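Protein sequences appear in the order of chains B and W.
Position 5 (the first sequence) corresponds to 5 in the working numbering; numbering is contiguous.
Position 12 (the second sequence) corresponds to 12 in the working numbering; numbering is contiguous.
Be careful, since some hints might not be right.
Listed next, with one range per pair, are the computed distances between beta-carbon atoms [said to hold, decoys possible]: (1) B:G71 x W:V55: 39 to 45 Å; (2) W:V51 x B:V102: 16 to 22 Å; (3) B:V102 x W:V115: 35 to 41 Å; (4) W:P134 x B:T263: 53 to 59 Å; (5) B:P66 x W:T170: 24 to 30 Å.
Note that these hints are calculated values from the structure, not bench results.
For clarity, every value in this text was computed on a predicted model and none was experimentally measured.
Backbone N, C-alpha and C define an ideal beta-carbon position, used for all residues, glycine too.
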Amino acid sequence: MVETTPYQRYRAKKKAMREHTWLEMKKHKTLYLFLLPFLLVFATFTLAPVAMSLALSFTYFNVLEPPRIIGFQNYLNLFLSDDIFLIALRNTLILAVITGPVGYICAFLFAWFINELPRFIRAFVTLVFYAPTIAGSAFLVWALIFTGDAQGYANAILMNLGIIHEPNQWLTDTSYMMPVIIIVVLWMSLGAGFLAFIAGLSTIDEALYEAGLVDGVKNRWQELWFITLPNMQGMLMFGAVMAIMASFAVGDVTQNLAGFPSTDYEVHTIVNHLVDYGAIRFEMGYASAIATVLFITMIGTKILVGKFISKIGQ
Amino acid sequence: MTTAISHKRQNEMINMKKRRRSSRAVRKPNRSLGGDMFIWLILALFGMFFVFPLVFLINNAFKPLDEIFIFPPNLWVINPTMGNLQDLFIIMSRSWVTFTRYVFNTVFITISGTVGHLFVASLGAYAVSKYEFPGSKFFFGLIITTLMFNQFVMQIPNFLILAQLNWIDTYWAVVIPAFGMPMGFFLLKQFMDTIPISLVESAKIDGANEWYIYSRIVMPLVKPALLTAMVFAVQALWNNPQSLLIHTEQLKTLPLAISQIIGSPHAPNVARMGVNAAGMLVMVIVPIIIFIFAQSNILKTMASSGIKE
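With the sequences and hints as input, model every part of the structure.
See the structure below:
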């Protein structure tokens with residue numbers, strides 16, 4: 001019998017595992033063929049951009065010359081000398097911290113309330129709440145509502161009520177811009193999570209509620225915490241992913257409503273900053289560093305939220 | 001094949017039973033009248049907040065110019081007119097690119113993008129959903145993570161890649177990336193998970209190959225998810241004019257052409273306020289109508305959208 005060291009045993013085990021994996025892969029080669037077309041497109045237009053952002057973020061790249069490696073210089077510049085980036089980071093975090101959780105909780109509460117309504121009216125109410133999300137560029141109508149002159153809806157109503165005496169510059173006065181943007185983002189971002197909540201609520205087995213009643217659940221709030229929420233953890237996670245996407249990637253709304261750049265960079269977000277350096281100044285390396293910061297923030301948030309959701313109902 | 005049919009029938013019977021049970025108007029336990037009234041109140045209040053801008057938008061499109069500029073502004077139109085929509089149509093057909101060309105571009109991009117997406121994504125989703133093979137779990141984890149990254153975050157590197165491929169200013173710059181949207185893959189895979197694996201296994205024993213199982217057994221059962229993925233894909237293509245990627249006028253889509261007429265809200269063209277309102281109505285109404293028709297199928301699909309960590 002040959003003496004084996006733990007390391008040799010480890011190596012042998014690894015080798016066996018690798019062979020096993022290879023056999024498994026060979027066995028399933030049709031499936032790889034099935035996955036291949038999607039994988040190709042997905043890798044080219046979703047994975048490659050993320051990888052490219054990461055790689056280019058360590059370079060100076062102006063599209064005309066080949067990229068030049070400069071180490072962490074872009075990141076140092078971002079956090080130490082780019083005041084506007086820090087403003088953008090602050091604005092993005094404010095927007096995300098407010099619109100993310102508020103939008104998410106509202107989406108759930110609305111879905112839960114709608115699920116309590118009589119069946120015939122549910123589809124209609126769902127449409128009312130979800131329409132702004134699907135209507136895409138409909139948020140431009142808010143530009144009419146918050147027009148800075150007396151023609152604007154908001155100004156006209158407030159002036160008629162005598163609350164204000166001259167029109168507010170909603171979209172250029174720094175004291176109103178952030179609240180206005182938050183309202184618009186909340187309006188249009190109930191998102192796919194809302195639909196998932198509605199669908200999830202309607203599939204929970206009625207028997208669970210009856211059992212809960214026997215076990216001493218006293219009101220609908222206890223029912224929510226002990227029965228409904230623990231049975232929808234998957235939907236809650238999906239909704240969270242959608243909420244993170246909607247709340248961190250605000251850029252279109254600020255650019256179209258408050259202008260680019262907005263007054264004093266009051267609602268300048270990371271995405272705006274990214275577009276500024278990527279599509280206007282063509283400093284691709286720097287823009288990539290901005291994108292990478294955003295990716296890392298989003299993934300970190302998702303992990304944190306996931307930890308929180310797994311604790312529900314305990 | 002008999003197994004597939006019998007399973008389908010079984011599922012239908014279960015569904016029918018469920019429907020019968022819930023259609024009986026049983027009052028749920030643990031509900032107070034005060035609570036119900038509170039719910040109606042909250043939904044009515046917030047419903048107004050959500051629907052008000054859209055009502056405003058729809059009404060504006062039918063207002064004659066003197067009503068658009070009235071002070072204080074009216075929510076409801078008094079003398080509705082089709083004039084704005086007619087003007088929009090006239091302005092668009094007077095440009096050197098004909099109106100039908102924009103419509104053709106839109107239809108071509110939307111249909112080819114959606115069909116390709118559905119085929120490619122369902123094929124991959126079938127493999128990941130019904131089998132476990134090295135890399136499959138990891139791959140699906142990637143899909144879930146990338147659900148968070150929308151096109152605004154990735155537009156810069158995407159532009160660089162499309163430029164490398166020489167696809168800028170062609171249909172393909174919009175069509176091909178749409179094939180690989182993670183959302184459709186995710187929804188299809190989750191919905192396929194609810195199809196019992198025994199269905200696939202019994203077909204295998206009968207000698208069916210993977211292609212047959214995919215195309216004849218699984219695909220007919222995932223119609224709601226296909227429709228949902230289709231709606232999301234159409235919306236993404238419609239709401240995402242991608243002006244960065246296509247700049248030749250003859251290749252532009254209808255939403256992009258309209259958004260050019262509407263212009264920026266910062267430099268509104270006062271003479272075209274009515275046309276703007278009409279243009280916005282067209283941009284907004286199409287996705288909403290599509291959603292109304294697909295709503296029940298979408299909710300059926302979303303019921304399986306949960307992410308297990």
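Each hint tested on the structure:
no., hint, in the structure
1, B:G71 x W:V55: 39 to 45 Å, "55 Å, violated"
2, W:V51 x B:V102: 16 to 22 Å, "19 Å, holds"
3, B:V102 x W:V115: 35 to 41 Å, "38 Å, holds"
4, W:P134 x B:T263: 53 to 59 Å, "54 Å, holds"
5, B:P66 x W:T170: 24 to 30 Å, "26 Å, holds"
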